[in-house]
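Visitor: Here are the chains, one letter per residue:
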Amino acid sequence: MRQLSLTGAINEALKEELQRDEKVFCIGEDIQAGTFGETSGLVQQFGPDRIMDTPLAETAVAGAAIGAAMCGYRPVADFMFADFMWIAGDEIFMKAAKWHFLHGKKVNVPVVFLAAMGGGFKLGPEHSQCPESVVMHTPGLKLVVPSTPYDAKGLMKTAIRDNNPVVYFYHKALFGLTGDVPEEEYTIPFGQADIKREGSDVTVVAIGQMVHFALQAAEKLKDKASVEVIDPRTLEPFDIDTIVESVKKTGRAVVVDEDTLRCGVTGEIASQIMEQAFDYLDAPVKRVAAANLPIAGGFLETEVLPQPQDVLAAIEAVLE
Amino acid sequence: MTLAKEDLILLYRNMLLGRKIDQLVIAGMATGKVLAFYHSGQGSEGLAAGVASFLNDDDYIYCHHRGHGIVYLLSKGGSGMEFLAEHYGKANGSCNGFTGFHNADPSKGVLGAAGTIGSVFPMTLGWGLAAKKNGRAQVAVGCFGDGSSNRGTLHEAFNLSALWKLPIVWVCDNNGVAQYTPIKDAYPKEDIADLAAGYDMPGVVVDGMDVLAVQEVVQAAVERARAGDGPTLVEGKTTRYRTHSEGSPDIFHIEARPPEIVEAFKKRDPIESFAKKLIEQQVLTEADIESIDKELEETAAEMDREATEGGMPDASLMRASLYAD
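Same order as they appear, the protein sequences are chains W and R. Numbering-wise, the first sequence is residues 40 to 359 according to the working numbering. Numbering-wise, the second sequence is residues 932 to 1256 according to the working numbering.
Hint data in this document are derived by calculation from the structure and do not stem from the laboratory. Keep in mind that this is a model prediction, so the values were computed, not measured. Some hints here could point you the wrong way.
[Unchecked claim] Cross-link-like lysine-lysine pairs, in silico, DSBU-like; alpha carbons within 30 Å at most:
1) W:K144 - R:K964
2) R:K1096 - W:K54
3) W:K62 - R:K1064
4) R:K1064 - W:K145
All chains should be built: construct the whole structure from the sequences, respecting the hints.
Guide: Laid out in C-alpha cells, this is it:
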C-alpha cells in the first residue's frame, strides 16, 4: 500500500477537506510555508484567503477561527506548538468549549485546534509539553491524538467535519513516521480505540508516541509475556469499553502517557479501569508519565519525560 | 441616511424600554428574583441605541456587559422577555436558564455573551472575517468598555481587523471607570479613540449621551465597513449612573466616586434630553412622550410577567447540550 508520513497524512486530509467544503480554511502563523510540513503546499492550490498566514497573535488566531466557526465556517487553527495554545486559553477553554452549551445550543463552534506536542528534541518547558489532560478535563472540547499516519488522516477528516471544537495534537517525534495510507477516501469515527497489538497477559493503554514505546516493549517481552497495546486515539470521546474488555481478559493494566503524572490523563484512565474492572485486576494499575516537573531542556529532558525503558519496567513490574 | 420620524421614535423607544428593563433587573436583585449579579447600564443607553438600532438582522454584534447588553439587544431586535427570564433562571430565558445572565439570538446577529471582559475582541475579529468572506456587505460591531480597552486582546484584534480591512465597527463605551479604577489610572491619554491611529484606522470621539450624534458617527463607520474600506473605532463618552454591580460600593479605588461626575452627566441624560429635543423639533408632543412611557411601562411589565411565569430550567437537557449533533 502507499506510504505517507504522519505530517503528510495530515496534509492530505487538509487538502481533501479544503477541496470538499469551501467553508474549510486554515489559519495560523506561517502556515503557508508550514513549519512542520503539515500545511505546506496548500496555499499554492487554495490561495492566501483559505490558507491564512497571521502575525504572532495566538488569541487572534483562536478568536478569528472560533468567531468564523460560529458564522458557519470550518476553520483549522494551527498553533504550531501545543504549548502556544495556552496563550489563547480564554478563547479555547472558555469560549469554544462552552458557548454551544451556554447559549442554548443556538451557536455551533466547528473548529479544529491543531498543534504539535511532545518532547524528545530538548526544546525546554515551553516547546515540549503534551497538554492533553487540561483539554480532556474541559467539558465541551473533543481531543484527538493519533499515533500512525493512517489514524492521523482519518481522524483529521472526522475532526474537520465535526460540528464541535476539536483539539488535535500530533507528536513531534512522529512527524516522519511512515505507514500505510490508502488512496481511497476514509474517515475514522471518534470514540473508537484501536488495538495496536493483541495480547493476553497485560493491557497497555498508550497515547501518541507512547504507543510506539509500548509496542517496542511488547516486542522485547514477547518470549516472556503476551502484551496487548491499546491506543484510545481520541481522549474525548473516550472508549473505555474496549479497555475494560481487554483488562477483563488480561487482569493487568499499565497506562502510559507523556503528560505530567499528577492529575494527568493516566490518572483518569487508571481510575476508570479501577471503577469498571476492579474485580478483574490481579495487580494495581500502573502509570507511566512525565515527572511532576517542568520539562527541562538539554541533557535533563530524559530525566523528566517517560523513556522506553520506563514503559518496559512498568510492564515487567505489573506482571510480577 | 436621513432619519424619518419613525426612526427617531425607534431610537427613543429602544433607550426607554432598555432603561425600564434595567430597572426591573435591579428590583429583581433586591428581591432575590435575579439569581446572579447585575451590572446596570443606566447612563449609556444613548450610545447603545445609537449604535445598534439601524443594523440589519444579519449584521453581527457583541453587546458588551454594561446593562448585560440590554439596550444593544433590544435595538438589534432581541427579546427583552428572554433577557429577563434568563436573569430569573427560567427555562424560557435566552439560554434556557443555563447562564443566569447571558444572551444569544443568532437570528439577530447576537452570537452570545462572555463572562470575561475584553475576551470578545478576538471573536469579533472572526465575525468580521466571516462577514468579509460571505461577501454580502455585512458588518460586525464589537462593543466594549473602557475597562476592556486595557486588554492585550484589543491589540491583536484591532491590528488584524485593520490589516485585513475587515468590515468591523469597534465601539468603546467609555464611562470613565472600570469597577473601582478611574480611567486616569488605567490609560495615559484622554481619548481611547487615539488608539486607532496606531492601526491606521479612523478613530472618532462622540458624545455618548447624544443618541443622534452616535447614530450619525456609527452610520458613517458602518457605511465605510460595508463598502470594504475597513474598520473604524468609535468612542462614546458616557457615564455609569450606578455602581459597578448592584450592591458594590461606588468608589474610585477606596474613596467615594465624586458625585459631581454623575450629576453633570445626568443633566444630559440620553433619554430625557432626547425627549426634550423631539418635543422642540415637533416630532412628538408632551402627550406623545407620556403615552410612550405608559405603553413601554406596560410592555416591560408584561415581559416581566411572562419571564416570571417561565418554568424551571430542565437539568436533563444539560448533557444533551454539551455537543452539537
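Visitor: Taking each numbered hint in turn, which are not upheld by the structure, reported in ascending numerical order?
Guide: No hint contradicted; all consistent.
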